[in-house]
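Now for the letters of each chain:
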Amino acid sequence: MQDLIDELGRMPGVGPKSAQRITFHLLKLPREDALKLATAIIEVKDKVTFCERCFNVSEGPLCGICTDERRDTHVVCVVEEPRDIVAVEKTHEYRGSYHVLQGAISPIEGIGPEQLKVKELLGRLDPEGVTEVILCTNPNIEGEATAMYLARLLKPLGIKITRIASGLPVGGDLEYADELTLGRALEGRREVE
Amino acid sequence: MGLYRENAIVLRTIKLGEADKIVSLVTERRGKVRAVAKGVRKTKSRFGARLEPLTHVSLQLYEGRNLDTITQAETIDHFRTIREDLDRLSRATALLEAVDAVVQEGEDDHRVHQMLLGALRTLEAQSTPLVVPAFFWKLLAHLGFRPMVDACAGCGTTDALVAFDLIEGGVLCRSCARGTRISPEALALLRRILGGDLVSVLSEPASQSGYEIEHLATRAMEHHLERRMKSVGLLT
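Protein chains in written order, with the numbering used here: chain A, 1 to 193; chain B, 1001 to 1236.
Source of the hints: derived by calculation from the structure; they are not laboratory data.
Since we're looking at a predicted model, the values are computed, not measured.
The beta carbon of each residue, even a glycine, is placed where N, CA and C say it ideally should be.
Mixed in with the good hints, there may be bad ones.
Pulled from the structure, derived: some chain B residues nowhere near chain A, Cβ distances all over 10 angstroms [as the list claims (entries may be wrong)]: (1) T1043; (2) K1044; (3) T1081; (4) L1089; (5) L1096; (6) M1148; (7) S1183.
One side only, chain A facing chain B, incomplete, derived with CB under 10 angstroms [unchecked claim]: (8) E7; (9) G103; (10) S106; (11) P107; (12) E144; (13) E179; (14) G183.
Here chain B stands alone, though its shape is the one from the complex:
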């Protein structure tokens, strides 16, 4: 109990009462934390813009019975380039929404903070269309839902993999085929994303297979969460 310090990324904020907000955070060491920021909505608040979604902050919090309270906040990075570009902002929001939905409070997960920070830094440096799907696939894989991409999820053959099925959780060969069709180029791209070739994938321009992977990633994320991803494609 008492005070503690944490580095965190602000995922979303919910208005609370007259001038307060509940801030949803993904922290470096404690997983997801929801904390109250008192008076942030007042123009003279000493928090100012530091607790807006997307900000990477260093915080001091006070443990409460139910929600913790934020007592001090200092910006590490506010991702200004993302903030001032509608395309990047819309992509970043999709990342935040996914993390907020996937990570539960009290889960002691250190990786997600790192992954999100990495994705946001990539987005800050370049507005690439594949950041969101790549992040979704990586996140799903991290959660233990890594799709089968090297062999048919039905019979195990490695030949003629033509479809992707969310229920089977992977690619399917021609005789087992169900679900969505997947082109060989898209499958290769997906293998590279999951196989650790992320950096070179991200530097590629938009392509048909990229679009295919993007669509599939959103569907897979929605399938896993059992709800619609609200922010994907809303502004594009």
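This is chain A alone, in the form it adopts within the complex:
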């Protein structure tokens, strides 16, 4: 039992106390329910790999988005992690393809472009006839550095490079907006139609 508590305690956001609570909960469960969880974990580990084209999580060689023929392959949205795809997909605003870098350039951690899927992105541009690359990395220092690096790399290739806008969150308060965000929001203002 202690083994299970220790293992659960290593999950993100689960402390020793919650690990203990989950363990006791599992003990109380009927055998089938507990097995269902165990098999689900095994299946995920066995079946899910990374998509060969975009490095999203996938159950086959290509992910669901790459195999979907209705999607526009001429536009590539570059994100840091597969969970960023989930966030963008939720907007229902985007119908193009993706590319997951699996991280961001972080000089302070010593993570450079070689550790990311940058070469793979370059390799996709020509064969897929990409006309626009959307740099959709996080608006923090690592994400901005990554976006600037990619922009510098891709600009000479004559492809349209765009960066997602920075602005104010809907439902937010102007009073609490920081100067950097508010400044960019003003800079990227739009004419009202």
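Given chain A, work out where chain B should sit, using these hints.
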């Protein structure tokens, strides 16, 4: 105990739990402080971009048993020019990494904050290649590791100084020579950096001796820290 106010520069941030961050700061009066910023990673956080690395902020903190908690933050300067230029950003990160590695928590060091702020302001105004090495040398000198540049560290002679050795901590003459070779131009540059002629050094264009000094500065910093400087030259 209780609340206190501080001006600080954000050195780096580490994710903590679901939406929090531990922010590493170099403050004006208390040296290095590590503090928790609750909820900064949420898009609607009232801190917003104020606690991103490189920002010069005015903070209100609450003293905790282990880590302090940031309760309010206001930007003094967010160094936008540095942020939006890859070369400057990469240089600025090297400065932040060095300060983060060199300064220990609880050390009551007022100078480092001033030095870093000065270097960042210089970088904001002009993207000069010598900011990083000059800052490294100045920082090492401030910490008490000022290299010997006027006389041989081995025998004390002032003639024919041709090499620089990190273990001896200075230049060496031809008969004591060990370590790296140093050109007379680079040595002159190093003397000017350490001797208070910084402003004119920084306005000089990139040169071979500048490159030499840069390489040596990184090695000296690494030698002192006993670890590799990760951010130097990563993006160039």
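Practice task
So, E179/A near chain B? Judge it on the closest CB pair being under 10 angstroms.
Solution key: At 5 angstroms from the nearest chain B Cβ, E179/A passes the 10 angstroms test, so the hint holds.
Practice task
Quick one: work out the minimum CB distance from L1096/B to chain A and report holds if it exceeds 10 angstroms, violated otherwise.
Solution key: L1096/B is in fact no farther than 10 angstroms from some Cβ atom of chain A, at 7 angstroms.
Problem - Verdict on T1081/B as a residue remote from chain A, using beta-carbon distances over 10 angstroms - result: holds (12 angstroms)
Exercise for the section: Could you let me know if the closest chain A CB is still more than 10 angstroms away from the CB of K1044/B? Expected result: violated (5 angstroms)
Problem - Evaluation of the interface hint that places G183/A against chain B, nearest CB under 10 angstroms - result: holds (8 angstroms)
Problem - Hint status (Cβ of G103/A to nearest Cβ of chain B, threshold 10 angstroms) - result: violated (13 angstroms)
Practice task
Please verify that hint: E7/A, Cβ, nearest Cβ of chain B, below 10 angstroms or not.
Solution key: At 19 angstroms from the nearest chain B Cβ, E7/A fails the 10 angstroms test, so the hint is violated.
Exercise for the section: Check the non-interface label on L1089/B: least C-beta distance to chain A beyond 10 angstroms or not. Expected result: Its Cβ does come within 10 angstroms of chain A, the nearest being 6 angstroms, so this is violated.
Handout entry: Distance rule for S1183/B, whose beta carbon must clear each one in chain A by more than 10 angstroms
Key = S1183/B clear of chain A: closest Cβ-Cβ about 29 angstroms, beyond 10 angstroms.
Problem - E144/A as chain B interface residue, shortest Cβ-Cβ below 10 angstroms - result: Holds - the Cβ of E144/A comes within 10 angstroms of chain B, reaching about 7 angstroms at its closest.
Handout entry: Hint check: 10 angstroms Cβ-Cβ cutoff, S106/A to chain B
Key = Where the cut-off is 10 angstroms and the nearest Cβ of chain B is about 9 angstroms from S106/A, the hint holds.
Exercise for the section: Please verify that hint: P107/A, Cβ, nearest Cβ of chain B, below 10 angstroms or not. Expected result: With a closest approach of 3 angstroms, the P107/A hint holds.
Checked against the numbered hints given earlier, the structure breaks hints 1, 2, 4, 5, 8 and 9 and satisfies all the rest.
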